[in-house]
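Please work from the sequences and hints to get the whole structure.
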Amino acid sequence: MTLPNERKLLTPQEYRQAQDSPEFAELRRRFRRFAVPMTVAFLAWYLLYVLLSTYATDFMSTEVFGNVNLGLLLGLGQFVSTFAITTLYVRYSGRTTDPIADEMRERLEAHEFSAPRGGGATRA
Amino acid sequence: MHDVIAADAATIGEPAVNISIFGVFVLITLVITFKASRNNSSAADFYAAGRNISGTQNGLAIAGDYLSAASFLGIAGAIAVYGYDGFLYSIGFLVAWLVALLLVAELLRNTARFTMADVLAFRMRQGPVRTAAALSTLVVSLFYLLAQMAGAGGLVTLLLGVTGEAAQAATVVVVGALMIFYVLVGGMRGTTYVQLIKATLLIIGAFVMTVWVLGRYGFNLSSLLGAAQDSSDAAATPRQVLSPGAQYGATGTSKLDFISLGLALVLGTAGLPHVLMRFYTVPTAKDARKSVVWAIWLIGIFYLFSLVIGYGSGALVGADRILAAPGGVNAAAPLLAFELGGTALLGIIAGVAFATILAVVAGLTITASASFAHDVYASVIKKGQSSPDAEVRVARIAAIVIGAVAIGLGILALQAGLNIAFLVALAFAVAASANLPTILYTLFWKGFTTRGALWSIYGGLIACVTLILFSPVVSGAPVNGTTGKSTSLIQGVDFSWFPLNNPAIVSIPLSFFLGWLGTKLSKERPDVDKYAELEVRSLTGIGAEKAVPH
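Each protein sequence line maps, in turn, to chains B and C. Read in my numbering, the first sequence has 117 at position 117, and its numbers run on one by one without any break. Numbers in my numbering are just positions in the second sequence, counted from 1, shifted up by 1000.
Everything labelled a hint here was simulated from the structure, so no lab data went into it. Virtual Cβ for every residue (Gly too), placed ideally from N, Cα, C. Where hints are given, some of them may not hold.
Computed cross-link-like contacts, SDA-like style, restricted to lysine to any residue with a CA-CA straight-line distance of at most 20 Å [said to hold, decoys possible]: (1) K1530(C) x H111(B); (2) K1286(C) x T1056(C); (3) K1290(C) x P99(B); (4) K1035(C) x I1019(C); (5) K1255(C) x L52(B).
Non-contacting residues of chain C with respect to chain B, defined by C-beta distances greater than 12 Å in every case (computed) [stated by the list, open to error]: (6) V1024; (7) A1169; (8) A1177; (9) V1208; (10) E1339; (11) D1389; (12) R1396; (13) A1413; (14) L1418; (15) I1462; (16) K1520; (17) E1524; (18) P1549.
For the chain B half of the interface with chain C, some residues (derived, Cβ under 10 Å), not all of them [unchecked claim]: (19) D20; (20) P22; (21) R28; (22) L51; (23) E103; (24) S114.
Right under this line is the structure:
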C-alpha cells in the first residue's frame, strides 16, 4: 500500500499465476527440502549440546587426549557443523534453487505469467 | 581519594599510547565518513548505502556490527574466569547465524526496502503492524545501545587511566557524539566503513594474540588448557575451568537459566534489527547469501581465537587479577595483551576495544533512526505521503535524539552504579521472542493475519520486559557476603517472582503460541494476493530493490 507505484510492475494476477505455476511449486519444494530439515537438525544438535553441557557434566568432562575433554571436542564440533552446513547450503542453492529462481525472475520481468495458466510452461 | 589511588594501581599500560592509537582510528574513520557523505542524497543511500556494498565487504561489516564489546571482551573474560561456560556463549552466538542464512537473509533482501517492519507489514494492515515492529526495533536497539555505552564508561577507567564520574560521563559523551557524527554525516555507507575497518583490526588483533598465546605453550592446546586449570587451582576461588558448570551448574534454577539464555542467543540473532538491516546494503539476494557466509566464517574463526585468548588470560593473568581489575571479566583480554606485548600491544587492543564499541553503536543508531523515520513517521504518521527528502531529514533528527537519549541514560546508569550488562542478553531475548516468530510466520504461513502479527510482537515484547522486571536481575538476587551488594539492578528490595535471569524459555514459545492464537481468533481473511506477491518475490527476487547507480 505504501509501495511507490513505479515498483508495481506486476499485477496481483501475475503473482497468483506465478505462485500457482508448477515451476514455482518445484522451487518452493527444493528450497524447503533443504532449509527445513537442516534447521531442525542443527537446532536439535545445538540443544543436545547445551543439555549435555548442563545436565551431563561428568560425561562432558571425560578426557579424550591430554587435557582435551569430550565437552571441548563437541563444542568444536558445533563450529565444524556450522561451517559444513554453510558450505553445503551454498552448493545446494547454487545448483538446485538458483537456476529456477533466475529463470522465473527473467520470465516475470518479461510478463510471461500474465497469460492464463500454462502460458509460461510451454517455453523452455 | 581512595578511588584515585585504587585506580592508579589498577590502570595498566600507558594511557597516552592507548589514547593515541584510538585517536588514529577515530581520525581515519572520520575522514572516510566524510568522503562517504558525498553520495548520501537519497533514502536508499542513507539507509542502505545505495545497496552498493559487495557481499564480501558486507560480510566483514556484519562481523563488525555483531562482534560487540560483549563478544570480544565479555566472552574472552568469561572463558578466563569460568572456563568452559564462557565458551558456550560463543557457540550460541555462532550457530544462530544458520537461522539467518537458511531462513531469513535472502528472503528479507528480496522483499523489504529498509527496515524489519517492511517485511512484517507487507501482507498486513500497515499502521498497526508497522507501529508494533518499529516499537520492537527501538526497544531492542536501545537496550543494546545502553549496554555498549555503559561498557565504554567502564573500559575508560582501565584503559585510559582516568577515573571518577566526570571522566566516565565525558567518555560516554565522546562515544555518543562520534556515533551521531558517523550516522549523520556518513549514513549507512559511513557506518559500514567504520564497521569494516573495525572488524579488520579486531580480527587481526585477536589473531596476533592467539598465535602469541599458543606460541607460549609450544602450539599445544592441551598444555594451554592444563596451564589454565593449574592457574585456576591456585586462585582464591578454584574452578573446574575445563568442564561445564563453573558458572551455571550451581543449582537447578541456574541450569534452566542457561538453557533459556542458550535459546535467546540461537534464535535472537536472526531477529536483531541492526543485523537484518545490513542485508539491504547489498545489490541482490545472492550477495546477501555471500555476506552471511563470510560473516559465519569470520565470526566463527574469531570465536575460536577467543577460546585461546580466554584460556590464555586465565593461565597467564589469572582469575584473581582479572576480577580485581576495573571492569572485572572485561579486563581479561586487555590484561593479557599487556602481559604478552606490553604497552604497545595493550594500546592496540585498547584502541580496537573502543573502535568495537563505536562501530556497534553507530550501527544501532542508524537502525533505530531508520525505523522511526521510515516506519513511524513516513508510513504511520504521514500515511506514505511524505517525500523521501523529508523522511531522511527526520531520520537524521531521530539519530540525534536517539544518540542524546543513549548518552543521557548511559551516564545515569553509570552514575547510579547500575549493572546493566544484562541488557545485551535481554535484547537477544526480545529479538528472539517478538521478532523472529513474526518474521517466520510472515514468510512461511499463508494464513497468518494482522492480529496474529500484533499478538506475537506485543506478546513477546511484553512478556520479556515483564518477566525481567520481576526477575532477580532487577531485584532480590542474593547479597554477596564480601561486597555487601547483590547483583540486582535495585538494591535492598525484593519484588521478584520469576526465578530466571533470562525470560526466553517462556517468552519464545509464548510468542509463537500467541501468533497462532491471534490468527485463529481473527475474523479478517488473510490477504492471499499479498501473500502470493511476498512468496514469489522472496524466492525469485522479482521486484527486489535495485542498487543505486553512482
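Right, here's what the structure says about each hint:
no., hint, verdict
1, K1530(C) x H111(B), "holds (18 Å)"
2, K1286(C) x T1056(C), "holds (11 Å)"
3, K1290(C) x P99(B), "holds (17 Å)"
4, K1035(C) x I1019(C), "violated (24 Å)"
5, K1255(C) x L52(B), "holds (11 Å)"
6, V1024, "holds (33 Å)"
7, A1169, "holds (39 Å)"
8, A1177, "holds (34 Å)"
9, V1208, "holds (21 Å)"
10, E1339, "holds (21 Å)"
11, D1389, "holds (14 Å)"
12, R1396, "holds (21 Å)"
13, A1413, "holds (31 Å)"
14, L1418, "holds (29 Å)"
15, I1462, "holds (25 Å)"
16, K1520, "holds (23 Å)"
17, E1524, "holds (15 Å)"
18, P1549, "holds (16 Å)"
19, D20, "holds (8 Å)"
20, P22, "violated (14 Å)"
21, R28, "holds (6 Å)"
22, L51, "holds (7 Å)"
23, E103, "holds (9 Å)"
24, S114, "violated (13 Å)"
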